[in-house]
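Peer 1: With the hints as a guide, dock the two chains, each given alone in a separate frame, to form the complex.
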Amino acid sequence: MEQDSLLVMEHIHKRFPGVVALNDVQFRLRAGEIHALLGENGAGKSTLIKVLTGVEHLDGGTVTMEGTPISVKSPLEAQRQGISTVYQEVNLCPHLSVAENIYAGREPIKFCKIDWRTINQKSKELLKQFDLDIDVTAKLDNYSVAVQQMIAIARAVDVQAKILILDEPTSSLSTAEVEKLFQIMSMLKDRGLGIVFVTHFLDQVYAVTDRITVLRNGEYVGTYNTAELPKVELIGKMIGKEYEALESTPPAAAQDSEAEEFLRLEHAGTGSISDVSFSLKRGEVSGFSGLLGSGRSEIARLLFGADRHTSGKVCIEGKECSLKDPLEAIRHGIAFCSENRKTEGIIGDLTIRENIIIALQAKRGLGRVIGYSEAQQIADRFIEELAIKTPSADQQIKNLSGGNQQKVLLARWLATDPDLLILDEPTRGIDIGAKAEIQKVVMRLAQEGMSCVFISSEMEEMLRCCSRMYVLRDKEIVDELTGEAINEHHIMQIIAGEGETVNEEV
Amino acid sequence: MKTKTPLKTRVKISNISLLIAGTMLVVMYLAGASVYDRFGQVSTVLNLFNDNAYLIVVAVGMTFVLLTGGIDISVASTLAFTGVFSAFLLEKGLPAVVVIPLVLVIGTLVGYAQGYAIHTFQIAPFLVTLAGQFLMRGMCAVISTVSIPINDPFFKAAALGKFSWKLSTGGTAKLYYYVFVALAVLLIAWYVLRFTRFGRAVYAVGSSEQSAQYMGLNVKRVKIGVYAINGFCAALGGVLFSFYTLAGYSLQNMGLELDAISSAVIGGTLLTGGVGTVIGSMVGVLIQGIIQTIVTYQNLNTWWTKVTVAAILCFFILIQRVIAIRAERKKA
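Chains S and H, in that order, are what the protein sequence lines are. Counting from 2, one number per residue, gives the positions in the first sequence under this note's numbering. Counting from 3, one number per residue, gives the positions in the second sequence under this note's numbering.
Just chain H, same shape as in the assembly (with noise of 0.2 Å):
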């Protein structure tokens, strides 16, 4: 029987684009490297990770929802309210092992309950989002309108608690333990992605959920379990956050939520569903953390950074429209 072959040169979009992101990275720090002295070493590398441990969490987070074609601009609000919440509660005398697990919970509670309405309702996750990113950060200020500094013995510990080594060059090279955490986090979001039937089932539902529920996925699951997962993300993130700043305030991290989407979407991320990978979405934090660190070597203004993010995802979202025009026309 006669079967169309495959195309030769197989396209995906995904991994092109993680590729492209990939080298764009090598080459900003190469870069970077040639220009300044000091960004070349070894510590620049280990500041991106101890300056966005937070944000790779969130990143992994949402690469769930936006991989189902769904999106959640709550998870900035979560975060400032998990890092209030903790500073509140540790300020009246909790210890951080009850306060750490109880504001996951809510986190992920918060999350369940968008999906839920998101779902059962068949409501757009961006206003169920919206009223949750509103209800969020109007919690904050709910419990205290001004910075609460956190004093806990076990905060400063892992806010501080580093590997630390003098360097051949001169001055000393630091990684907090909580990257690990967030290296943890990429790790096993990665392996649910990749090698569990739930994580193949947040693809199928983000490829077509029409298809997935007829396939017989159990997509309410799914659907509802990547806003949980989210939430979840969201205040590991939030808890992070908490360590490197040892406050809670209820106006941190606005507009971080458009963060983590960039930088899936720099990682290859489609916002229909379907296609990425949270590997991309760290790639996606490391690009943007790398041009504020540039923009800082070059002593500019800290908006430079947002001009050239949205130069960069103006790039990619082309480059993915490109890829994928160029596919159909293959195919037909």
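So here's chain S without its partners, still in its complex pose (with noise of 0.2 Å):
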């Protein structure tokens, strides 16, 4: 055993129905070093981390933490043993005040009560360290998501662990946010501790880190020095040969602009969106480019009639129509994987088969019943096409790992078989493996026909698949681009508001 290890797992099994989530795992970390925990969703990152905060007990190995055998049972117990952790989403309360959240749990007692001046005072110097001078009696939920973060955070550094856990802290942080996290988290090395970082960011990974373990499907690949490991042996390690995969997807085929027209909008407009118009052909892929709030998402709940239409018109295949609401879009042969997997995609407690065929069931109508058979036939079709990592249809979709979860969704809207699919951000948070697949599915369908409208905060993702690309600026489209003229640089203009002037091609 490596003398100067803080914390060691060894052996560490997990099971939970139907998955192995960690077979075998080990996992040392010293102190004084920014240890990058990697790999792909469902390779057991998370689970890792929930053992280890006590969040879930392992069903078997060993943990040490300074050279003696801990047993953690609780988040609490694990403060205790000086494990400090934030969470993937926001782990803190709402109706609390900001300094109240950072010293939930540990507040100072004066006098037989709470010491709340030195709360509020303490918080503030704290948070002053982040760059954040915020109103710390104020409630939490009056502050974005990104300054929960950051709060989070610095409760997280405050609590005077030796070990520090940052899962994915930096999914909501805006550079500036990251850059002063990552000075924090140096700091805090310098100071002695043992910090954990999962990301699924490999700039981050080399920004900062010292050591990487990967992990891969539950289980352990290997412990890297950062330095000596190439981002690309990196990447292979995380994913095996997948990556090939990745690598090999053809980059979208320049359309045939005679191709035909599928679904028009002429003027319309809705709540914050006022006037849009453009038209979707049939065999391509059109992407919707732009910053978050852009108007990307309005542009894709209008096209499924999740919000209305009040100005402008909607043509489908020549013939206007209303869009009134989804199950009208469905029937019209539109589909749409929205953004938020867990709230508006997935039934966690359905089966795979249920998640597959009910839009299918929908567009069909409750008179005519999709039977048991039918419906396995469908799930097993889509599990083998898509490969789905499941023992069988009858799993329950919320045990499956973001990336299946997301072919799930994606299942059941080709089982409705549909001539336009809209998909926004559907590689949000997965792994790439699942991410190449999940493009490579698109563009074939695409070549078969099908119109498809693609979302997605990753302008690489964008280029590779997208033949038609609208820009979308202040709930505004501002450039339609093809060909040649769809490059990073030049997008990046026309969101940056530099690129009108360029001359291109409209």
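The set of hints was computed from the structure by calculation and includes no laboratory data. It is possible that some hints are incorrect.
Ranges between beta-carbon positions, derived for each pair [said to hold, decoys possible]:
1. K343/S - Y38/H: 41 to 49 Å
2. E67/S - F136/H: 52 to 60 Å
3. L320/H - G349/S: 26 to 34 Å
4. T344/S - F136/H: 31 to 39 Å
5. F128/H - T311/S: 39 to 47 Å
6. F165/H - T344/S: 43 to 51 Å
7. I190/H - K325/S: 55 to 63 Å
8. Q161/S - K164/H: 53 to 61 Å
For the chain S half of the interface with chain H, some residues (derived, Cβ under 10 Å), not all of them [to be verified]:
9. C94
10. G106
11. W117
12. D159
13. K163
A quick note: this is a predicted structure, and the numbers were derived from the prediction, not measured. The C-beta atom is built at its ideal place from N, Cα and C for all residues, glycine as well.
Peer 2: Right, dumping it as structure tokens:
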């Protein structure tokens, strides 16, 4: 055993119904290092962290901290052992004040009562270290998710822990905030803390970490010094052979401009968007590119009838139609994979089979119930086609990893045999392997004549998939690009508002 | 670094609701005073406390439970049981100094057991306390189906002991000693919720149970604790109520749990948990009391009290929703 290990986890096993989440995994953390824990979704990172912080109990294996074996049965115990955690989703109390969220459970007591002045004062000072100058007596839910995330980090840092675990802390932070976080991580590292850093952003891994431990499919792949592991090799270790698949996905082919039009929006508006016009052609993947809040998702909801257009008109195959609700959209052959998988997508307690056929059933109407054998057949077909990793179609969808859940949602809509598929952030938070598979399926279907709307924050993915790009800024379509004009630099310029004078084909 | 500044007009649901409730209480009192002669006297105010002391205690206990996002519909039965059982034991000749602590312990244990079942087996609080309600009400009838009078000297002294003084306008103003018990409970509860770790953990659990757990708070202790506190308060309310009536009767105070819940809601407590104060709950009790007084003065059927409370309750629930929705919109 290494002498300088602060934390040693060995032979860790954890099973969930139908899934082996961790199989003989090991993890060693030194004092004074930032250690990246990497792997695809479903690789077991989150489970390993939950085991370490006492949220889940391990089925086998040992955890040793500073040479003494420990058994962590609850988050409270983990904190007492000196393990402090920032979870992926903000885990603070919205109704409590900012300061209270930082001090909950360890409030200073003076004269038999909580010393609010000290709490507020110290919280203020603490947040100053994060360049946050906010009213700490205000309720937490007055602040944006990014600020809340910083507060959660501040709390975790202030707990005087020996080990700090950061599970995807940067997903809601801006670049400047991430910078600040890295500074603080370095400072804590110098103080001798062991920091576990989980992230999807490989650039961040190379920016701050000392070592990397890679998990794949619940198994331990290896631990490496960050400086000695090139990125390409790292990706190879994370996804195995699947990386080649991603590389070999052909870029979007230039489309025949004579392609038949499927849907057209003319001066349509609703709520926050007032006047958008565009047309979607069969066999084409159209990207909607823009910053968060630029109107991308609003357009998707409009196309699916989730928000009804209040002005302008929508024509499908040349005929005007109202698209008054999602059911009508489904019957017109429109499908919508929404942005928020957990709350607007999956129905956690239902099986994969039930989750897949639900849209098809809605399209057919309740008069024609899909029988068990037909449903099973449909489910099996998609499980095979999309390579959904599950023991059977009877598995509850909530037990699947994010990537596999997303594939099930894709299957749900493909089962309706759509003419137009709207994908809003279909690959957010899922692993590269599943990403590549989803991209491939979309492009294959487009070649077969389906029309597709693709929305993603990842420019690389948009560039790979889309043959036509609408660029959005402030709830308006500011440009339409095809062919050579679709390149990252150009799109960034347009989004930033510098591209209007550039002469391009429209 | 750019950070969102907090909303300038920060909206705190609890504060605003409490402010509205407080204003409403004062307005109702002044309105009553301007219409009826004797209404304006200080005795009206004191009688509000005399008549509702037990309900204040019960509402305070209920506030703890509601703050965690739970609910307890067994309190009225516990209260009745306390009354009947006390009367029964006193009749058998046990001294009050034994009886009162005993019934308080029983109430606390009943609450504890319910909290234990709710937390450990993850059963809906409504169901567990519904069972508790039937059980305690049933136990009352097992002991006695008829009203048992209380003749114990201590109880009599407690029932009748009061400050009283002649008013210059004629008549006497009275404030019974047992009101101070209720006020003490209120004060202690306020202190616990505001200045102790347990109290703050109650808010944290109600705000988000998962977060509270992840923050390392002892969720189990909080969840069981609030039901135990509520059971204690229900029993203490029962003792106060038997001072008030000097009898124990199995069918006493049917539906009182809902009065306690509505008082808390009117006082700004959210049933989803995390927001509310015991002071608010007391104001809620007083508002219901003042409505009752006005209805009496007006010589109306007492059911008009319920009708009015219903209207006020609707009003407050709507207000809370509107405030919450506006706050969300502003954030977005």
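Peer 1: It remains to establish, for every hint, whether it holds in the given structure.
Peer 2: Structure-based check of all given hints:
1. K343/S - Y38/H: 41 to 49 Å: At roughly 58 Å between Cβ atoms, Y38/H and K343/S fall outside 41 to 49 Å, so the hint is violated.
2. E67/S - F136/H: 52 to 60 Å: With a Cβ separation near 54 Å, E67/S and F136/H satisfy 52 to 60 Å, so the hint holds.
3. L320/H - G349/S: 26 to 34 Å: holds (32 Å)
4. T344/S - F136/H: 31 to 39 Å: holds (38 Å)
5. F128/H - T311/S: 39 to 47 Å: holds (42 Å)
6. F165/H - T344/S: 43 to 51 Å: For F165/H and T344/S the Cβ distance comes to about 58 Å; the hint is violated.
7. I190/H - K325/S: 55 to 63 Å: holds (58 Å)
8. Q161/S - K164/H: 53 to 61 Å: The hinted range 53 to 61 Å holds for Q161/S and K164/H, with Cβ atoms some 55 Å apart.
9. C94: holds (4 Å)
10. G106: holds (5 Å)
11. W117: With a minimum Cβ separation of about 8 Å from chain H (threshold 10 Å), the hint on W117/S holds.
12. D159: violated (12 Å)
13. K163: violated (15 Å)
Violated hints, in rising order: 1, 6, 12 and 13; the structure is consistent with all others.
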